[in-house]
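Respectively, the protein sequence lines represent chains B and G.
Per my numbering, numbering through the first sequence is continuous, rising by one, with the last residue being 333.
Per my numbering, numbering through the second sequence is continuous, rising by one, with the last residue being 931.
Please note: incorrect hints may appear among the correct ones.
[Unchecked claim] Example chain G residues on the side facing chain B (calculated, C-beta under 10 Å, incomplete):
no., residue
1, C728
2, S840
3, G902
[As the list claims (entries may be wrong)] Mimicking DSS-like on lysine-lysine, the simulated pairs with C-alpha atoms at most 25 Å apart in a straight line are:
no., chain 1, residue 1, chain 2, residue 2
4, G, K827, B, K63
5, G, K827, B, K266
6, G, K734, B, K266
7, G, K826, B, K292
8, G, K718, G, K826
9, G, K781, G, K856
What the hints contain is simulated information worked out from the structure, not anything from laboratory work.
Backbone N, C-alpha and C fix where the C-beta goes; we use that ideal spot for every residue, glycine too.
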Amino acid sequence: MAVDFIAERDLQRCLNLLRRQGEVHAPLRDTDGMVRFGPLPTGVLPDLTAVRTLLPPKKYLLHPRETILFYQAGSGYQLPSGDVPRLILFGLHPCDLAGINYLDQVFLGNEPDPLYAARRAALTLIGTSCAPDQFCSCHLRPSPLTASCDLFLQQIGGGFVVSCGSSRGVELLETVTELIQERELTPPADTRSFFGQQLPPPPRSELDPALPDWQNLAEQCLGCGACSICCPTCCCFDVLESGGLDGSSAERWRRWDNCLFKSHAQVAGGASFQKDRTQRFRYRYRHKYRGFGQLKRLPSCVGCGRCRAVCPAGLDLRPLAERLEGCAP
Amino acid sequence: MKKLRLAITGLTACSGCQLTLLNCEAELPQLLEKFEFHYFPLACSPAVLKGRYDAALVEGCLSMPHERQLLLALRSQSQLLIAVGSCAVWGGVAALKNGTDRELLRRQVYGQSRTAVGTFSPQPLQSLVTVDAVINGCPPEKKELIGLMSGLLLGSLPVPNDQPVCSDCRMKENLCLLTERAQLCLGPLTLGGCEARCPSQGVPCEGCRGPVPEANLGEALELFLQKEYGRAIVIERLRRFYPEWKS
């Protein structure tokens with residue numbers, strides 16, 4: 005079949021052409037050996053072999069801490085304003101694209117979140133293919149989420165097979181048209197399931213609170229919160245307010261929260277809907293594998309493997325999911 | 685608006701927490717506009733504790749008899765009493781040797797001095813009085829102190845934080861010293877809010893802000909032992925700022 009192909013040696017030129025459309029951010033290996041999404045300096049190539057970045061791209065859409073409302077006596081409430089820079093995220097793996105797809109469903113649904121919506125509209129997503137490692141489960145567990153993006157670069161020998169996923173992608177492709185070669189080849193099929201499969205939804209039955217697994221997990225968990233901070237689809241946040249020293253101004257802000265923390269399900273007076281970590285693990289599992297709220301029955305785990313890779317106690321929900329959801333290990 | 689009348693002082697401590705407040709240079713003019721620093725011996729002398737206070741901010745732990753009298757006076761004369769810093773909240777570094785005989789320690793430090801120094805095992809403020817709110821840290825973050833002050837103006841107290849240092853550290857996308865470098869980092873056991881200052885500089889967390897609620901000490905100990913840290917070293921590190929960790 006005829007495909008659009010960009011040679012590996014043209015990648016730098018391709019990135020320079022893309023730069024004209026917005027600041028390019030991509031996975032970069034820092035001097036400490038860790039890979040993070042960050043602004044790509046001119047002349048530097050992104051690390052397209054790294055399996056995962058420390059934080060997922062959700063950091064561009066939901067900041068770890070951010071002010072969501074200002075108050076000033078007299079003038080009242082005001083939403084944060086300011087320019088949202090146009091960013092091109094280059095080198096997103098299918099799992100991270102599926103993660104953004106999930107976040108879109110949460111934050112752009114019935115009542116869109118204005119901060120998220122503005123940042124999302126300013127993002128261009130360019131995906132690349134990758135090879136899973138021992139922490140990944142994208143190739144083992146099907147997902148109902150879609151790895152939607154503007155452009156997708158499938159890595160094959162010597163370069164990339166390019167495909168468009170949106171009209172924005174078509175426009176972008178035109179800006180790099182000088183680098184596109186037409187080739188006759190059949191790219192290997194991606195066996196992973198982020199491309200809009202119809203899957204049977206998870207069972208309606210409740211998760212048994214008496215399963216010993218919840219307690220086993222809770223006993224080993226150090227409560228550091230890394231699993232959810234590094235998860236591309238964990239998006240719970242806590243909302244706090246603080247006043248200014250002038251006594252007449254205030255702001256409301258939010259920060260990433262974690263369902264394994266004591267305060268997560270705590271309400272006024274100290275009562276809690278999830279009293280201990282055992283209950284909280286069941287809750288976390290439900291979100292990742294069964295879905296809840298408006299997205300009930302939409303599993304949110306995209307198999308990126310970050311929770312397993314970062315857990316100091318080496319906890320892994322996969323064996324339990326294999327048992328309860330009946331999927332391949 | 686009438687200025688809020690404050691008493692700010694330290695018991696057994698290094699004055700670092702009070703200094704952190706004095707180091708908020710940018711906010712000092714506004715603070716002076718809104719508060720009357722009536723009793724603040726570190727900053728203004730002479731200082732005489734007299735009348736009613738809207739709030740008392742107390743740094744340090746209790747370790748000498750006269751401090752009990754002072755703390756009781758502060759409590760009875762103040763609407764609110766706030767423990768500021770790890771010594772006031774947990775006992776802190778002064779309580780490092782709480783497992784050792786006090787008389788022995790007194791002799792080691794003061795010898796056979798004829799003027800006996802009255803001293804007892806350092807205790808947090810709440811061992812004697814009701815504490816309305818706490819600000820953790822050694823020293824606390826400036827923004828937490830300023831947050832406390834602006835909260836007082838609005839009649840509110842700081843919301844207790846239960847997120848660990850790891851949470852702050854991961855949000856900053858730092859390299860994890862515990863998992864990637866097998867260092868003795870107390871991040872998972874320690875209350876955050878410090879923006880992971882030490883791990884962000886490549887220095888493992890020493891636990892200065894005290895234990896997180898529901899700290900899983902058993903598993904953490906197990907993990908440190910697996911990483912080949914001796915039990916004694918781990919316990920010593922754990923107790924540097926919070927003497928109550930039991931092995």
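Tested hints:
Taking 10 Å as the C-beta contact cut-off toward chain B, the hint placing C728/G at the interface is violated, the least distance being around 20 Å. A distance limit of 10 Å between C-beta atoms decides the matter here; for S840/G the minimum to chain B is near 7 Å, and the interface restraint holds. Because the smallest distance between the Cβ of G902/G and any Cβ of chain B comes to about 8 Å, under 10 Å, the interface hint for this residue holds. Straight-line distance between C-alpha atoms of K827/G and K63/B comes to about 23 Å, which keeps the hinted pair within the 25 Å bound.
The straight-line distance between the Cα atoms of K827/G and K266/B is roughly 24 Å, inside the 25 Å bound, and the hint therefore holds. Taking the CA atoms of K734/G and K266/B, the gap is about 41 Å. The hint is violated against a cut of 25 Å. Pair hint K826/G plus K292/B does not hold up; C-alpha atoms about 38 Å apart against a cutoff of 25 Å. Among the hinted pairs, K718/G with K826/G is consistent with the structure: their alpha-carbon atoms are about 18 Å apart, no more than 25 Å.
Proximity of K781/G to K856/G is assessed by CA-CA distance (about 35 Å); at most 25 Å being required, the pair is judged violated.
Of the hints listed earlier, those the structure fails to meet are numbers 1, 6, 7, 9, in rising order.
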